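Undergrad: Read off the chains here:
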Amino acid sequence: MRQRDGEWLSSAKTLILRRYRGKYVAIRNKKILAASTTMKGLYAKLDKLNPGMVLITRIERPTLLVYVELR
Amino acid sequence: MSSFAKKWMRQKTRTGTVYRPVIDLLFNEKTSSNLYSFIVDSGADISLAPRQLAERVGLDWNNGKRVILTGISPKPECTLEGRIHKVSALVPDLAFELTLPVCFANGNAPYLIGREGFFDEFDITLDKTRRRTIFRKMRAPRG
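The listed protein sequences derive, respectively, from chains A and B. If you use our numbering, the first sequence closes out at 103, no skipped numbers anywhere. If you use our numbering, the second sequence closes out at 146, no skipped numbers anywhere.
By construction, these hints were calculated from the structure, which means they are not laboratory data. Just so you know, not all the hints are guaranteed correct.
[Unchecked claim] Listed next, the stretches of chain B that the computed footprint assigns to chain A, with coverage defined by at least 3 CB atoms under 8 Å from CB atoms of chain A:
1. 11–24
2. 30–43
3. 47–60
[Stated by the list, open to error] Calculated cross-link-like contacts (lysine-lysine; reagent style DSS-like; alpha-carbon spacing at most 27 Å):
4. B/LYS10 - A/LYS55
5. B/LYS9 - A/LYS62
6. B/LYS78 - A/LYS55
7. A/LYS72 - B/LYS33
8. B/LYS9 - A/LYS45
9. B/LYS140 - A/LYS55
10. A/LYS80 - B/LYS33
11. B/LYS10 - A/LYS45
12. B/LYS33 - A/LYS55
13. A/LYS45 - B/LYS15
14. A/LYS45 - A/LYS77
15. A/LYS45 - B/LYS131
16. B/LYS15 - A/LYS62
17. B/LYS33 - B/LYS15
18. A/LYS72 - B/LYS89
19. A/LYS63 - B/LYS10
Small disclaimer: the values here were computed from a predicted structure and weren't measured. Note that CB positions come from ideal geometry on N, CA and C, so glycine has one too.
Please work from the sequences and hints to get the whole structure.
TA: Take a look at the structure:
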């Protein structure tokens with residue numbers, strides 16, 4: 033399941049990536065089950081759906097990633 | 004098996020398509036278990052995740068070591084507060100459980116795997132030509 037879902041997201045059409053960019057998403061069986069701009073929102077949706085194990089990730093905005101510094 | 008390869012994740016940016024190294028980690032939450040896809044960031048000192056994951060795995064976010072997260076902008080309004088906790092996660096490809104420090108940010112942070120606690124456990128090859136990462140579990144030191 034997990035391998036397929038990760039690979040599916042990686043090869044997903046640009047339209048899908050554009051629709052969900054900047055959002056946290058939960059994927060199961062090659063479908064985006066829930067999405068939200070916050071993890072709090074995503075967990076709230078998942079708790080309602082109770083779908084079992086999902087793959088959670090964030091679809092990044094179309095910018096290049098740079099470092100984060102801790103102080 | 005003490006190694007595995009993971010394909011890079013395709014992402015679109017305004018400058019074109021980029022491929023980013025990722026790894027899936029399994030976290031046991033209070034009521035279920037879920038997989039999280041982390042970007043492997045060899046330049047990050049420590050791993051990063053949103054605050055809600057800490058709470059989901061049963062940690063009290065406030066009890067962690069307090070840190071301030073800054074990016075390129077030095078503006079105070081562009082900083083985030085974080086807490087560092089040690090947390091256990093499973094690498095499903097090897098059925099290997101590790102404990103690593105993670106900075107849980109009070110905001111919409113990406114999921115990043117940094118060096119501390121992770122690069123100690125694996126030899127990691129970032130194979131950009133083949134767009135894959137090879138993770139080799141290191142043997143425990145003798146003696």
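Undergrad: Give a verdict on every hint.
TA: Verification of the hints:
1. For the region 11–24 of chain B, the stated coverage by chain A is satisfied: 10 residues place a CB nearer than 8 Å to a CB of that chain, which reaches the threshold of 3.
2. For a cut-off of 8 Å, the count of residues in the region 30–43 of chain B with a CB near a CB of chain A stands at 7, and the three-residue condition holds.
3. Closer than 8 Å: that is the beta-carbon criterion, and the region 47–60 of chain B has 9 residues meeting it against chain A, so the requirement of 3 holds.
4. Distance restraint check for B/LYS10 and A/LYS55: the Cα-Cα separation of roughly 22 Å lies within the 27 Å cut-off, and the hinted pair is therefore satisfied.
5. Under the criterion of a C-alpha separation no larger than 27 Å, the hint pairing B/LYS9 with A/LYS62 is consistent with the structure, at around 18 Å.
6. The suggested pairing of B/LYS78 with A/LYS55 holds, with an alpha-carbon distance near 24 Å, which does not exceed 27 Å.
7. Proximity of A/LYS72 to B/LYS33 is assessed by CA-CA distance (about 15 Å); at most 27 Å being required, the pair is judged to hold.
8. With a C-alpha separation of about 20 Å, the suggested pairing of B/LYS9 with A/LYS45 holds against the 27 Å cut-off.
9. Of the pairs offered as hints, the one joining B/LYS140 and A/LYS55 is violated, with about 32 Å between alpha carbons and a cut-off of 27 Å exceeded.
10. Only pairs whose Cα atoms come within 27 Å are accepted, and A/LYS80 paired with B/LYS33 is accepted, the gap being roughly 15 Å.
11. Using a Cα cut-off of 27 Å, the hinted pair B/LYS10 and A/LYS45 holds, with the two alpha carbons roughly 17 Å apart.
12. For the suggested pair B/LYS33 and A/LYS55, the alpha carbons sit about 23 Å apart, so the restraint of at most 27 Å is met.
13. Distance restraint check for A/LYS45 and B/LYS15: the Cα-Cα separation of roughly 10 Å lies within the 27 Å cut-off, and the hinted pair is therefore satisfied.
14. With a CA separation close to 24 Å, the supplied pair A/LYS45 and A/LYS77 stays within the 27 Å bound.
15. Taken as a hint, the A/LYS45 and B/LYS131 pair is honoured in the structure, with Cα atoms around 22 Å apart against an allowance of 27 Å.
16. A C-alpha spacing of about 19 Å is found between B/LYS15 and A/LYS62, which places the hinted pair at or below 27 Å, so the restraint holds.
17. As the CA atoms of B/LYS33 and B/LYS15 are separated by approximately 34 Å, the hinted pair breaks the 27 Å bound.
18. Between A/LYS72 and B/LYS89 the alpha-carbon distance is near 21 Å, which keeps this suggested pair within the 27 Å criterion.
19. As the CA atoms of A/LYS63 and B/LYS10 are separated by approximately 19 Å, the hinted pair is consistent with the 27 Å bound.
Violated hints for the displayed structure, listed by number in ascending order: 9 and 17.
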